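J.: Below are the chains, spelled out letter by letter.
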Amino acid sequence: MATDIHSSSGPGHGRQGPRVSKGPSGGGSSGGAGSGAMPVLRKVLLENGALSGLIVLVVALTVMSPDFLSTQNLLNVGVQAAVTAILAFGVTFVIVAGGIDLSVGSVAALSAIMLGWTASKDGLPVWMAVLLAVGTGVACGLVSGGLIAYGKLPPFIATLAMLSIGRGLSLVLSDGTPLTLPASVATVGETLGGWFPVPLLVMVVMGGITSLVLARTYSGRSMYAIGGNEEAARLSGIRVRRQKLVIYGLSGAFAAIAGIVLASRLASAQPQAAMGYELDAIAAVVIGGASLSGGVGKASGTLIGALILAVLRNGLNLLDVSAFWQQVVIGVVIALAVLLDTLRRRA
Amino acid sequence: MTTPDPPRPTDPLVPQPGPQPAPGQSLQKQTSPQPPQQPPQGRELLRTEGIRKTFPNVVALDGVDFELRSGEVHVILGENGAGKSTLIKILSGVYKADAGRVLRDGKPVRIHGAGDAERLGVATMHQEFNLVPHLSVAENIFLGRQPRRFGLLDRDRMEADAAELLARVGVDIPPRTPVRELGIARSQMVEIAKALSLRARVLIMDEPTAALTADEVVKLFDLVRRLRADGVGIIFITHHLEEIAELGDRVTVLRDGRSVGQAPADTPHDDLVRMMVGRSIEQQYPRETGKSAGGGGRSGTPLLRVSGLRREGSFSDIGFELRAGEVVGLAGLVGAGRTEVARAVFGADRYDAGTVEVQGKRLRRHDINAALASGIGLVPEDRKGQGLLLDSSVQDNLGLVTLRSSTRGGIVNRSGQQESAARIAGRLGVRMSGLGQRTGTLSGGNQQKVVIGKWLLAQSRVLILDEPTRGIDVGAKVEIYELINELTASGHAVLMISSDLPEVLGMSDRILVMAQGRIAGELTAQEATQDAVMELAVGTAHRENAPATKTKDREGHRGH
Numbered sequence: 007m008a009t010d011i012h013s014s015s016g017p018g019h020g021r022q023g024p025r026v027s028k029g030p031s032g033g034g035s036s037g038g039a040g041s042g043a044m045p046v047l048r049k050v051l052l053e054n055g056a057l058s059g060l061i062v063l064v065v066a067l068t069v070m071s072p073d074f075l076s077t078q079n080l081l082n083v084g085v086q087a088a089v090t091a092i093l094a095f096g097v098t099f100v101i102v103a104g105g106i107d108l109s110v111g112s113v114a115a116l117s118a119i120m121l122g123w124t125a126s127k128d129g130l131p132v133w134m135a136v137l138l139a140v141g142t143g144v145a146c147g148l149v150s151g152g153l154i155a156y157g158k159l160p161p162f163i164a165t166l167a168m169l170s171i172g173r174g175l176s177l178v179l180s181d182g183t184p185l186t187l188p189a190s191v192a193t194v195g196e197t198l199g200g201w202f203p204v205p206l207l208v209m210v211v212m213g214g215i216t217s218l219v220l221a222r223t224y225s226g227r228s229m230y231a232i233g234g235n236e237e238a239a240r241l242s243g244i245r246v247r248r249q250k251l252v253i254y255g256l257s258g259a260f261a262a263i264a265g266i267v268l269a270s271r272l273a274s275a276q277p278q279a280a281m282g283y284e285l286d287a288i289a290a291v292v293i294g295g296a297s298l299s300g301g302v303g304k305a306s307g308t309l310i311g312a313l314i315l316a317v318l319r320n321g322l323n324l325l326d327v328s329a330f331w332q333q334v335v336i337g338v339v340i341a342l343a344v345l346l347d348t349l350r351r352r353a
Numbered sequence: 003m004t005t006p007d008p009p010r011p012t013d014p015l016v017p018q019p020g021p022q023p024a025p026g027q028s029l030q031k032q033t034s035p036q037p038p039q040q041p042p043q044g045r046e047l048l049r050t051e052g053i054r055k056t057f058p059n060v061v062a063l064d065g066v067d068f069e070l071r072s073g074e075v076h077v078i079l080g081e082n083g084a085g086k087s088t089l090i091k092i093l094s095g096v097y098k099a100d101a102g103r104v105l106r107d108g109k110p111v112r113i114h115g116a117g118d119a120e121r122l123g124v125a126t127m128h129q130e131f132n133l134v135p136h137l138s139v140a141e142n143i144f145l146g147r148q149p150r151r152f153g154l155l156d157r158d159r160m161e162a163d164a165a166e167l168l169a170r171v172g173v174d175i176p177p178r179t180p181v182r183e184l185g186i187a188r189s190q191m192v193e194i195a196k197a198l199s200l201r202a203r204v205l206i207m208d209e210p211t212a213a214l215t216a217d218e219v220v221k222l223f224d225l226v227r228r229l230r231a232d233g234v235g236i237i238f239i240t241h242h243l244e245e246i247a248e249l250g251d252r253v254t255v256l257r258d259g260r261s262v263g264q265a266p267a268d269t270p271h272d273d274l275v276r277m278m279v280g281r282s283i284e285q286q287y288p289r290e291t292g293k294s295a296g297g298g299g300r301s302g303t304p305l306l307r308v309s310g311l312r313r314e315g316s317f318s319d320i321g322f323e324l325r326a327g328e329v330v331g332l333a334g335l336v337g338a339g340r341t342e343v344a345r346a347v348f349g350a351d352r353y354d355a356g357t358v359e360v361q362g363k364r365l366r367r368h369d370i371n372a373a374l375a376s377g378i379g380l381v382p383e384d385r386k387g388q389g390l391l392l393d394s395s396v397q398d399n400l401g402l403v404t405l406r407s408s409t410r411g412g413i414v415n416r417s418g419q420q421e422s423a424a425r426i427a428g429r430l431g432v433r434m435s436g437l438g439q440r441t442g443t444l445s446g447g448n449q450q451k452v453v454i455g456k457w458l459l460a461q462s463r464v465l466i467l468d469e470p471t472r473g474i475d476v477g478a479k480v481e482i483y484e485l486i487n488e489l490t491a492s493g494h495a496v497l498m499i500s501s502d503l504p505e506v507l508g509m510s511d512r513i514l515v516m517a518q519g520r521i522a523g524e525l526t527a528q529e530a531t532q533d534a535v536m537e538l539a540v541g542t543a544h545r546e547n548a549p550a551t552k553t554k555d556r557e558g559h560r561g562h
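Protein sequence lines, in the order shown, are assigned to chains U and P.
By this note's numbering, the letter at position 216 of the first sequence is numbered 222, and the numbering carries on one by one without gaps.
By this note's numbering, the letter at position 5 of the second sequence is numbered 7, and the numbering carries on one by one without gaps.
Next comes chain P alone, as it looks inside the complex:
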């Protein structure tokens, strides 16, 4: 960074004298067996007090107290839906808080837009990059602030400056390269270069490692450490507990929109998880393994059989079976090819080789209607982008899959559709003002129920749920889990893709782990632990594919 603060000891694990955690950041009792670590020495850059934010159907944040010092990596931890994204959207000016205040360098500030954030030296790397694909790297870095000479763009200076920034980030990209030609990792580096060019003192990184390979993560972490040494305060959001100890200094845990505690980064994982979920995992995941039809799935009738599925460049050698009454988890890192496999099985995308059979009948490839007719349903990962007609009514969404079957002579039986929509909405407990409510105005959990509901109306017996609980609140999550239990109890089979590891562990009868386009191994519910799954997911287990004999000898080794 350009204006470094006084250097600080870079080893976060060395206890340092310093002020106590601010009031309102009470340390939970069971948080940490070790003496609580002192906050890093740097001065306070950013503080939030009692931030509250509500949306039409949900309280997203309800009293968030948080503090960031210069030269620290402050991890925000929390389940999906705990409010992390809402918090950073408030800090970056995307949302306006309903109550509470934000202090920058001790002074209350209003962040009502990206411009305010920029002026305050707060830069944010969202999960979806804010880069323009067709513009060059240099133009993206200086977008809106391009150096000008005589009113015209000074392309040479812009590119020279960009090259310098890129060199500081430590990435070798010609500044003229269009961003669309970069992969995710290098796009991220461009985002960081952009933050550097803004002379950001506060850098917010929202799950930056989610889509990176292990090597790329190492590079990213090096860069983050250098920024920290320069006195930048970094808010780091991650789901990977391993990353906390490796990179972080302090952790603030959010749960259900509240900051429930603060802990040093070396707090044991179990304690962090307990703070995150506020209850044991058994309670959160009401899966009754063994009690459902088919006793854990081994003896149910096979509904779906996939063998030798391959698509060049995406996945290969995919084979598995799904039996009535079981939930099979499909775990793996983002980019391992899970969604691609699901979409190919469902017929949404093509594949090069292999077969998909439903109850012994082979499906035509790349034919959604064949999959649909045979009883496969797909709840896609991007609920809003691929699952719903947000401008249409709940009734229209619920009746979408059954539109054809409720049509006679070209005319849709609307009253019949309304009846069945009312029935399924009641059964799923969709909370709405009526069947005519615009689906876009429902809360995330209720939207997801609608997506699942349309497949239930179509009597799909094999449901592929891709990230079924992403971005929905904890209460609605439990309802979705209970729904999954009901479905399997009545003979459905569920293939559940999830990046939420505790969820996969808590809900699956069996777990398939994918890594780099292949199924790296299969674990039973008993064998599966976070470590065992992660080990397969990062591909450290390629010596032999015998996951059952896996030993858990890793210690403090990060998951990527």
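Bound-form chain U, shown alone:
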């Protein structure tokens, strides 16, 4: 409680109010110079919560299953994580900003169908079809964002509607049957140099973009502000409604890219693809330490969250746990992860 800092800039009037310094005096922490050890330590601990969970999981599976720690299996895990992670990166924006996006699975499917539809039926060049697919995702996001920002719909409702609309449109466009993708798109699902899966590369790139957007861009910082306190953000001149469009648009774009990756792996765009993936994406974000009430969250956390889900599924498969029990285990893990996080935060 250093009271001496201010006096240097004080006006030269004689009668100064009593500088009551409450609490123990003599704490000479001058502004800005403090090491900030406690918050930093806390932050690291919080992040390491999910990370150490992942490490424990990996170690345990290595012990329990000899097949787990092979390059092939790990790459496989990465590929399985990729789609969820990319979806979850997009959802991270939304959740950091205090919203929710339930539509990403449907939007992913719709975008993939758009790609298959334009590339195979209309014979558009693949690059243009990919652009159109991403554009479809962005458009869906903008519609949700518009409903939320200007129509004042709760995000849950607006994106629930979009979930249904997206799924419906993909069924309409595809007539309910899978569309074959051109060979050049399917390469996205393959490997670089014969071993490194392209989906993994896409995941890493999207993660990097997410991290950059959140940490360094105006929109990213606005997301934290809006999620932290929307009214304070508005009163500080953040154009909240415009930023909400950006946020849901980004989420739509990420969903579209996830949809393309998924379709390329299957070599076909399926109208029923990515069903329920939105919940995996939200789970990944939350396991990664983001707060559903907004203002808190990081790309690295989301990546770890997605990896935990993928490693868990892979491990349970290796251990021959039935698919039915897998769901139970994953539910328990989600609850535990968030519970631990809440407890740690309260401490």
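Read the hints as simulated data drawn from the structure, not as lab findings.
Across the chosen pairs, the derived CB separations fall in these ranges:
#, chain 1, residue 1, chain 2, residue 2, range
1, U, Ala221, P, Ile186, 41 to 49 Å
2, P, Arg366, U, Met134, 38 to 46 Å
3, U, Leu177, P, Gly473, 55 to 63 Å
4, P, Gly412, U, Ser170, 29 to 37 Å
5, U, Leu342, P, Asp107, 42 to 50 Å
6, U, Trp331, P, Pro176, 53 to 61 Å
It should be emphasised that the depicted structure is a prediction, and the values quoted were computed from it without experimental measurement.
Glycine is no exception: its CB is placed at the ideal position from the N, C-alpha and C atoms.
Put chain P on the given structure of chain U with help from the hints.
T.: Below, chain P alone, put in the same frame as chain U:
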């Protein structure tokens, strides 16, 4: 009440024989020229001894001794931040005291939750009501204790009981009305009915008159007097000195977390104020009227001009000017429309007619960014709810307004932001462990500095400060006042909304008083007295708007 104590004389001003004030409640020497009044006759209901409570950055309470007898209205008086709210939160089980003890009927008790308080017959009406807006009045009264029959809610009995309670409170509300449809005054009556249903022996009322009209206050006071006659002990917190003599029996004064003295309710205001602040007002408010640029503001360049501002149902005919180097106080009762005007000027809310000009340039209405670009900054009244990102770092909060201007090609210049945040935090003397500290963990005063700091970084020349010192400790208050002085000395203009009358009087070069959505009058620093301001604020001066000729002929007349 249901179990009345022996009746007591209802006139608190009649001296009665009785025990002396308990030890530890030393009467300050300069307290009262009259012989000290004896405590009322009722038996002791509640006593606190040496209550202490600390928060991470502040000692909120440090030795509070207080005693409540049945059938008395015991006023707790103290500045904002003196510890009144903390004390009642301890008595109602919201906080746990670090040291000291609470005695109920002479027996030490632990109040560690709302349930404990309820069992001990202590009911509290907080400033923010604990009512569920969408539930009916009856359900709110019996929330958690709804009468049941065969395990199902007995709605008929609940509503009948509620109706009976409401009748005893003397308010005519159908028990099925959803609480959201009630105004503040009637919500308060529902709170009291709830306290009655709990058979509360101790009723704590935290600034119950803050948001009431004069008529409503009269009704409330009648009700409080009836409760007192039934033997209920009432702890009454208020900022309005007039209410003390009108309603109270005894006063305990808190200052900086300590109980500094006890006095009878008819102690002259000046003495009470001196006990409250512990120093003369001049010392507390270091405003140097006349020395700042523009000599009291009359000759500074006009920065902000508002004329004919009107919003249906909120305010009308608002016109004023703000000049460089002056502090203009905007006084008035809660609900007079001060905050609404401030937010409309800033563009946060819409208005129907009128103009806002900054340095001769008219602002688009309902456009925060236009206001921001022209150099207006708003420090909102609800620091936590509207001013800060509590989960974000000090640096992020300080850089919020300047986020756009420090962005190039979509990328924020974080190192530049850090530099300017460090600079302004140093200048304001924000006490923190570092720029990365979570803002929610700062003390109230330091939080407020952060809110002001973000506008200083944006180089706002016109600052609207809405209740800038609410809930911050005395030392930090003085720092905020000194900051205001510095700002005006360097050519800023400050519009200060405050419900703290001494603060408005102490810090303003001019005072605008609002009443019922209009500017009821303007006073210069010389003309302004508590009485003159209150008279305008309660609208007794509507015979003609010539406040300068106002006479101070009121005597013992309460402010509402």
